[in-house]
Amino acid sequence: MFQVRFHGRGGQGVVTAAELLASAAFREDRYAQAFPSFGSERMGAPVMSFCRIDDKPIRTREPVTAPDALLIQDPTLLHQAGLLDGLRPDGYVLVNSSRGVDDIGLAEFAARHRGHLLTVPATNLALANLGRPLPGAPMLGGLAALTRTEQTVSLDALLAAITERFGDRPRVAAGNSAAARAAFDFVTGELDELKAMTHHA
Amino acid sequence: MLKQIEGSRAVAETVAMCRPQVICAYPITPQTHIVETLGVMVKKGELNAEFLNVESEFAAMSVAIGAEAAGARAYTATASQGLLYMSEAVYNAAGLGLPIVMTIANRAIGAPINIWNDHSDAMSQRDAGWIQLYAETNQEAADLHIQAFRIAEELSNPVMVCMDGFVLTHASERVDIPAQSQVDAFLPPYEPRQVLDPGDPVSIGAMVGPEAFTEVRYLAFERMRRALEVIPAVEADFGAQFGRGSGGLVKQYRTDDADLIVVALGSVLGTVKDAIDELRDDGVQAGALTITTFRPFPVQAVRDALGDDDRLRRLVVLERSLAPGAGGVVTADLRTALATGDGGPRDAIISTVIAGLGGRPVTRRSLRRMLTRAARGELPEFSFLDLDRHLVEGELTRIRAARRSGPSAENILRALARRS
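The listed protein sequences derive, respectively, from chains A and B.
Going by numbering that gives the first Met the number 0, the final residue of the first sequence carries number 200, and the count climbs one at a time with no gaps.
Going by numbering that gives the first Met the number 0, the final residue of the second sequence carries number 419, and the count climbs one at a time with no gaps.
For the record, the hints were derived by calculation from the structure and aren't laboratory data.
Note that CB positions come from ideal geometry on N, CA and C, so glycine has one too.
With a Cα cut of at most 16 Å, we get these calculated EDC-like pairs of lysine to aspartate or glutamate:
id: 1; chain 1: A; residue 1: Lys55; chain 2: B; residue 2: Asp273
id: 2; chain 1: B; residue 1: Lys2; chain 2: A; residue 2: Glu163
id: 3; chain 1: A; residue 1: Lys55; chain 2: A; residue 2: Asp28
id: 4; chain 1: B; residue 1: Lys2; chain 2: B; residue 2: Asp175
id: 5; chain 1: B; residue 1: Lys43; chain 2: A; residue 2: Asp167
id: 6; chain 1: B; residue 1: Lys250; chain 2: B; residue 2: Asp303
id: 7; chain 1: A; residue 1: Lys55; chain 2: B; residue 2: Asp276
id: 8; chain 1: A; residue 1: Lys55; chain 2: A; residue 2: Glu27
id: 9; chain 1: B; residue 1: Lys2; chain 2: A; residue 2: Glu27
id: 10; chain 1: B; residue 1: Lys2; chain 2: A; residue 2: Asp28
Residues from chain A shown here face chain B by an in silico Cβ test under 8 Å; the list is partial:
id: 11; residue: Tyr30
id: 12; residue: Ala33
id: 13; residue: Phe34
id: 14; residue: Thr59
Extracted from the complex, chain B is given alone in its bound form (with noise of 0.2 Å):
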């Protein structure tokens, strides 16, 4: 059904018809919504579940490692800290090859401290041997959670849906709630792959010796490697259930005969395709790449969706997040694509723009701008969106200038009060 609705409670709604038995969760905003909307479902008598609050992020994780391993289907959600203070337990749940669905309403971690959205959160986790997809629109956001238990369950490997925090969870819009009998047809029943069952002991987490623990993890790789067959065939099997096209591996918008192609994540797409728009009404073939399936990193599907070497091809990876020292985190993923395997554009011109740090706006403006300087060959190999140089460059004279130049996030925010 058809609804004008905020993206948690589309979400909400839709988790509830996965028929999750076990729901843990820690509030932290900006997910809060979406699991104190769950828990009024299942007060009401709406869901049949076991609602449990939790002490803290760990405790949630730990709880759903619990209830996967008895065999129920669990969910939580969580964001920012909260994801980092469950850490410890997210890298067991996959390492045990637990089912366990988590949305993640993106924000930044501090220091310094900031409730808004980017992808430093999930991008922290990368490794941890989930599976991520991140979602562009709310109803991508509400579809993916039907996916992932279908994912996450087939290959019993715990799924991430990433869907930015705010700009999403706390936006309302458009969005086809699918009706119960929909998701049941889509999604069966949890069968889980390893039960504790007293009628037939088993161990889940027996610790693992240099004699095999090479060969365990040897199991999470290849689980990955499956999934990159599995994403897409769920994804088809979505479309021809529910009529419309969300979650696969990668999206391609505009790329066919495009010489500049942004790659990015998330909602981020959506201002990035009205500023290819204008672009293109200016002359300059862009296009967009979104990398809906980031884990695992679907290496063929970017390089045949970026083409091949018969021309110049101008790459700019939109990051919201930042790896100090490193500098983006998708770009050095895309780059290995690139130097490996077949096809793709070896000699392309990569460009890293890191943006919406923290919850800045990523303006079509600062966009098109930013874009057309990229066409131009002007864009260096890696810059900041909508950097305040001037700010930077008083902070940094502060910092030449005493030793005792103090906190650096007070000093700059004083620096934009005296401003105005």
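Okay, chain A solo, but in the shape it has when bound (with noise of 0.2 Å):
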């Protein structure tokens, strides 16, 4: 079972974003579970979203505690205390920022976990793509890039579960297609960049 935890503040879409990903596994004939934590969500407060996938059907209904990966949708949850709790000690973390993982006080964490913990311009790849700052399809094409080795989600099954959620607002769907395309092009850039530096080293 592949488990993962997003978080991020009320109204960016993390409950979407966790039934994105379990509809795209759902596509590839994986069992898949997405459900919110569950509470009186405000804007701006922070909220969490859970999906669980797996090759047999799922039982639990107990929230992730142990995941294999973090996707931080706010960069401003970073330093939140026990956002890191639970993470599998090889699992993966991807966080929305423009900026490096050196900058966003991360590099002690980054060189234990290499290639695991990256950061990619979700919410700038949204406006770049959708118009408006809602990181959740970039976010989920960065995990696809980011876990690829294990398989937890394609691209195509993204693209597609995107397409279908937003079925009838076509340049939505367009629009965080791109930006979902875009950003796993970005993390595979600086995957592929990380590989040749440990080539060269």
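Starting from the two chains in their separate frames, assemble the complex, guided by the hints.
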């Protein structure tokens, strides 16, 4: 089972993002479960959502406490107590930021999790492609690239899920798809660069 | 068709296929997505039904009663305080024998005010005369609605389909949504047993004095007795037509050779089953009994499922609500079932565990710890899962120390904030 925990703020679409990931996994004939951290959410308040993906039916209903990947949709949450709690030792962290991992105070963590902690400018990519600061789809594009060796989800399935979700709003679907693809390419580029550096070292 | 879909939406799409003629509802979390979706379907013309926005839950149930009295198939949904607010009409619907179907998106009851999931709301109405079915998954929640209309109309008795608020209503998972033709083949058009007809006037809701009240009430008892036969028959018919098991009275999981059996209702069974598999790996012979039909309480089915007196059995009743001054609601019914009639493990050791109140997650880790203690005979007769005893003791100390100790809810929240 692969478990993802999303951290963001109310209004940023963390619930939609978790549901999109589940839908994408479903399209690849896998079992998936997505749910919000249940509460009286308010715009701007810290919120969480969860997604589980497995090859067999998922029975558990508890919140994800031992995630394989964390998606931090709002970098101002980074130093919130407990954010990294339960993360698999070799798990993945993707942070929505236009700065590098060294610049957001995570250099040490990044050194220990080489190729597992990255930033992606998801809000910028959403603004450029969708015209709205909704980082959900590009964060998922980034996740697909970051966790490709784990075969969490393919970019194609993700794009299909986005198209289905926003089927009645073709421009929103196209914008989110473009942003997801751009984030996928961005993270793939970062990973290739890291790999090249390792080879030269 | 297989879909990855939110529980509320799966229920709304399935209810729509049951062709309700009147839908009346007042929004309340966590039920709202269901009637919102149905409202959109009516507005778009995808569902031919009267959709009534009412001014309260009391009105919602009253409209459902009126609609059924006029011969229409009626549906509504509510939760928590909303269910309490309609309570008087809830009793009336059952007393009149009107086959309304209502979804309860289970949620705690205040005070303290809390919007999260437990079973306090549905349990408060357990003896209103409604059949109560509890869903374990969103697939079952959807399927139970199709069965609920059949059961309700066959018996002329209302049915509540209880699904855990948020945990199911707001979870996206895989659900097989049936085709309209399948539902039509399973659920015939509503044929009311009683209907207001100017051509053939009757009173629905006549006043009945001491001379016949007992006899009319006896019929409610009789309908529930018949429900114990109708529900398994509908379950079997559903299985034959839709090719999957949903509904019924009880379900067993690895109980055949079990010495330790968890008894529970609703979605918590998923996590319970995972915990049971782990306990089995540890060498503990554990199993689970799902009570799908809580009203009528399936006394014989429960006894049959729990085995007999051939060896010592420990039963752990996982209660999602609290009956202050009594303990556990489900436990009381279980004890009665085992103390009467034929079969069942009469000498079973029964422990009540109050768990998951007001949205506290019931985790596999906590279940495993608690059940390991139960297997060793260390679990007390009554306990709370994951109770923060330190917080409780602190407040009890405050209460003892001063007359004006203040509101406990706030005191406890402040103590919690000081800790972090």
